[in-house]
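Below, each chain spelled out in residue letters.
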Amino acid sequence: MHKDHAIHVENLTKMFGDFTAVNNISFQVDKGEVFGFLGANGAGKTTAIKMLIGISRPTSGKANVAGYDVKSETEMVKKSIGYMSQKFSLYNDLTIKENITFFGGIYGLKKSVIKEKTQRLIDELGLNDVADKPVSSLPLGWKQKVAFSVSLLHDPKIIFLDEPTGGVDPITRRQFWNMIYREAHKGKTIFVTTHYMDEAEYCDRVSIMVEGKIEALDTPKNLKAQYKVDSMNKVFLKLARNIE
Amino acid sequence: MKRFIGFIKKEFYHISRDKRSLFILFGMPIVQVLLFGFAITNEINKVDIAILDHSKDATTKEIINRIAASKYFSIKQFIHHETAIESAFKKGEVKAVLNFEKDFGKKMVTEDQATVQILADATDPNTANTISNYIRSILQTYTAEVNKNIQLAYQIEPKTHLAYNPTLKSVYMFVPGVMTVILMLVSAMMTSISITREKELGTMEVLLVSPLKPIQVIVGKVVPYVFLSIINAIIIVVLGIFVFQMPIQGNLFLLAAESVLFIINALSLGILISTIAATQQTAMMVSLMGLMLPVILLSGFIFPVSSMPTILQIISNIVPAKWFIIIIKGIMLKGVGLAYVWKETLILLGMTLFFIALSVKKYKIRLE
Amino acid sequence: MSITLRNISKSYGPAKALNDISFNVEQGELFGLIGPDGAGKTTLFRILTTLLIQEEGEATVAGYDVITDYKAIRNHVGYMPGKFSLYQDLTVEENLNFFATIFDTTIDENYDLIKDIYVQIEPFKNRKAGKLSGGMKQKLALSCALIHKPKVLFLDEPTTGVDPVSRKEFWEMLKRLQQKNITILVSTPYMDEAELCDRIALITDGQILEINTPHSIIDAFPKKIYNVRASETYRLIQDLESYPNTHSAYPFGEYVHFTSRHSNFSPEDLMTFLKGKQHTGIEIFETIPTIEDTFMELSNTNTLATNA
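Residue numbers (my numbering), protein chains in the order written: chain A, 1 to 244; chain B, 1001 to 1368; chain C, 2001 to 2308.
Chain A extracted, bound-state conformation:
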């Protein structure tokens, strides 16, 4: 295990009965890297992420996240990471403030710290007018921005983002990526999945999963050169065609 790897995965495998969802994958993610984790539907992305964030036990292989083993040090892994997904991010029936307080409480932050962080977060996002309104009244893009900030509350080393920008309008999508860049700039490691191929270009390195295996892993620039195409979309299509 290298000290400067935020995530270190070796021969990670997950089987469901006879079906191999994740087939012997190995990769490393450097500290401060924006790592794009791509793949078609059903390629095994979600299963792999679940193992990395400690909510699914690998069948075999090793994974080290933020210096902790995902099998034996699950609790430490969970403390060191932030997680946000498209499907669930915030409680719709709670206000923005209540959501922040709740998630701060989950991670054991002190009341005074939560109060201070809540105010700072609301100021930063310019949400003072709507801070006491239920989250359901916010546009999706704003909701996702709040959710991202919430996943940062406990100052995690690594942030896992599972399709954070699905359905979000183009401007907010870019503001969201600006936030991602800012955190990476501060030294946080970002592990992100997306269906927008232009977003794949924003990543430092990109892996593409096909049928449980990682078929390609490199910088967007090198991948495009390797497959002799001019966009990540075409790289993806070349790799994932003929599947299903």
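Among the hints, a few may not be true.
Claimed, not checked - Computed beta-carbon distance windows for the label pairs:
(1) Thr2105(C) - Leu1022(B): 24 to 34 angstroms
(2) Ile55(A) - Phe1026(B): 28 to 38 angstroms
(3) Ile1235(B) - Ser26(A): 55 to 65 angstroms
(4) Gln1313(B) - Gly105(A): 44 to 54 angstroms
(5) Thr1279(B) - Lys2016(C): 45 to 55 angstroms
(6) Ala1357(B) - Gly105(A): 29 to 39 angstroms
(7) His2215(C) - Lys115(A): 46 to 56 angstroms
(8) Ala2015(C) - Ile55(A): 32 to 42 angstroms
(9) Lys115(A) - Asp2020(C): 40 to 50 angstroms
(10) Gly2130(C) - Met1284(B): 35 to 45 angstroms
(11) Phe1303(B) - Gln119(A): 53 to 63 angstroms
(12) Lys62(A) - Lys1362(B): 56 to 66 angstroms
(13) Gln119(A) - Asn1317(B): 53 to 63 angstroms
(14) Gly2130(C) - Phe1026(B): 16 to 26 angstroms
Stated by the list, open to error - Which chain C residues face chain B? A few, computed with CB under 10 angstroms, are given here:
(15) Tyr2070
(16) Asp2089
(17) Phe2103
(18) Lys2151
(19) Trp2171
Bear in mind the hints are in silico, worked out from the structure with no lab data behind them. Even for Gly, the Cβ is constructed at its ideal location relative to N, Cα and C.
With chain A's structure known, arrange chains B and C on it following the hints.
Chains B and C alone, transformed into the frame defined by chain A:
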């Protein structure tokens, strides 16, 4: 018509593939009937009792011996004063106390009448009732024998006093009760869930944007459950007859017809629920809270309506299950015909028509 | 005219979901409704498929009024709602059979129409719909919506959450359907799919920003647009935002799309500016705008969207 049959076929696919609803449909009635049947039993065995004998003469000795000899009772203690009764009950040592009045034997001869008080612990009303019945029966047998021998009409008059629950009534009504609960559950809850499931999945949108008429969708949803509910009713009655030797005194056709009426009533309630509930969860909650609880609590299934506070008695009138229980109790136990239950039948019919009219009115041909 | 909308408005409580929408879709046209979540796309679809009633305005589909002739419309349109509305516990074939029956037809009768799509999932016809992958569900849902040979096909976000490969295949299928003279109204949040439509409407916050062919929309982009690249993207965006003449600077794939406030913008000035900020590997060259550039430009001038 082909559309309609296709729709019903689909419903049967859904039902047959969902293990959970299959269990609710067929497992529940069997389990419930057996549970109620064996849990609410009137057999008692070696119940501990105490004796307070103010008389201590030959007659009371003879009666006490008879009670002690029966397999139903075991005399745990003799107490000597009324004040000890309360504490015996409180400690839970005995379930009943027999209190013979002073000069019991003498009174029997001179006044043709003597009193023995039966005090039973009615925290468990069912057992209390049974105990008192058994003791009465022993006393009656004794009186009968003495009368025969001496040719004089001595009388022992037992005065039953059920402590803690003086107006106890029989709850030995579980077959009609369970039948009512199950028919309500299957019909109302299952239909409302199956309609709201389509809303949740978004398939309702597709069905609406199709030439299927709303009435076809509703009737298509309901028909499978009418069949299943009838099968359920038959299972329950058959179990009642063969496992618990429950006699069906009345006309089976009348019973069947009344059951179908109640099933349709419950189904229309289910549709009504599905018009207001957006999710399966809501439908389930509304069915449970809004239908199941009143059926169990207010219908007279477990708690007799006549002993409820007036306000609840009034409310119980709008619970369809109350009327259905009166009807099937009458048919099953008393063997009465339509001539005796026409009023209740009419009420049930009126309610059914009202619910159907309301659900048709509330059913939306659009999303809002 | 296959679909007409005139001054359609609809609110949910105080929130205006649709605000004075008007456009026409011609027979056999592949028309795209492009906009993010919450723009009002689904509300518009529901009005046209007779599921909701508009508060103001009039709309017709296949010549029928959406309110008074709703029964006729329900006979002639195919509708695929946002979530693929299939019966998860029925098999592929049972789903298709069911939808054929309720439209009083059979799979055989219209097989030629769905053949293209259905052959791809036919090998799995005995599999339950719930066990299919996203791409296959999407194909089955489309087959079900087509089984009665509709005149107009409404597809609400058919490609959302589906991977790029399945998305591409799906659009190829739509192109082939169009050949069979079916009018298709499709919505999507993916701007890159806009270019595959005959005409598109850009929609946000219940308002139409622009309606035209993708080509004309791109041509109408008011400014010159430049691709800018440097080795540190994050710092580049920040510095571009602080550059005095910047109108917009948005990351676009490997480049940042840059527009200037001034028409006499010179790339050399920007190069000097960036070099002064110690950037390396700088590239600046003019590029062609995309639908997404237009969308952002128009929504920036239309709404109060502010940078975070």
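Evaluated hints:
1. Thr2105(C) - Leu1022(B): 24 to 34 angstroms: About 32 angstroms separates the Cβ atoms of threonine 2105(C) and leucine 1022(B), which means 24 to 34 angstroms holds.
2. Ile55(A) - Phe1026(B): 28 to 38 angstroms: 37 angstroms, holds
3. Ile1235(B) - Ser26(A): 55 to 65 angstroms: 59 angstroms, holds
4. Gln1313(B) - Gly105(A): 44 to 54 angstroms: 49 angstroms, holds
5. Thr1279(B) - Lys2016(C): 45 to 55 angstroms: At roughly 27 angstroms between Cβ atoms, lysine 2016(C) and threonine 1279(B) fall outside 45 to 55 angstroms, so the hint is violated.
6. Ala1357(B) - Gly105(A): 29 to 39 angstroms: 51 angstroms, violated
7. His2215(C) - Lys115(A): 46 to 56 angstroms: The hinted range 46 to 56 angstroms holds for histidine 2215(C) and lysine 115(A), with Cβ atoms some 54 angstroms apart.
8. Ala2015(C) - Ile55(A): 32 to 42 angstroms: For isoleucine 55(A) against alanine 2015(C), whose Cβ atoms are near 36 angstroms apart, the range 32 to 42 angstroms holds.
9. Lys115(A) - Asp2020(C): 40 to 50 angstroms: Holds: the Cβ-Cβ distance is about 44 angstroms, inside 40 to 50 angstroms.
10. Gly2130(C) - Met1284(B): 35 to 45 angstroms: 21 angstroms, violated
11. Phe1303(B) - Gln119(A): 53 to 63 angstroms: Between phenylalanine 1303(B) and glutamine 119(A), where Cβ atoms are some 56 angstroms apart, the hint holds.
12. Lys62(A) - Lys1362(B): 56 to 66 angstroms: Given a distance of about 59 angstroms, which is inside 56 to 66 angstroms, the answer is holds.
13. Gln119(A) - Asn1317(B): 53 to 63 angstroms: Cβ of glutamine 119(A) to Cβ of asparagine 1317(B): about 58 angstroms, so the range 53 to 63 angstroms holds.
14. Gly2130(C) - Phe1026(B): 16 to 26 angstroms: 24 angstroms, holds
15. Tyr2070: With Cβ-Cβ at 8 angstroms, under 10 angstroms, it holds.
16. Asp2089: Holds, because the Cβ-Cβ distance from aspartate 2089(C) to chain B comes to roughly 5 angstroms (cut-off 10 angstroms).
17. Phe2103: Because about 6 angstroms separates phenylalanine 2103(C) from the closest Cβ in chain B, which is inside the 10 angstroms limit, the hint holds.
18. Lys2151: Nearest chain B Cβ about 13 angstroms off; hint violated.
19. Trp2171: Violated, because the Cβ-Cβ distance from tryptophan 2171(C) to chain B comes to roughly 22 angstroms (cut-off 10 angstroms).
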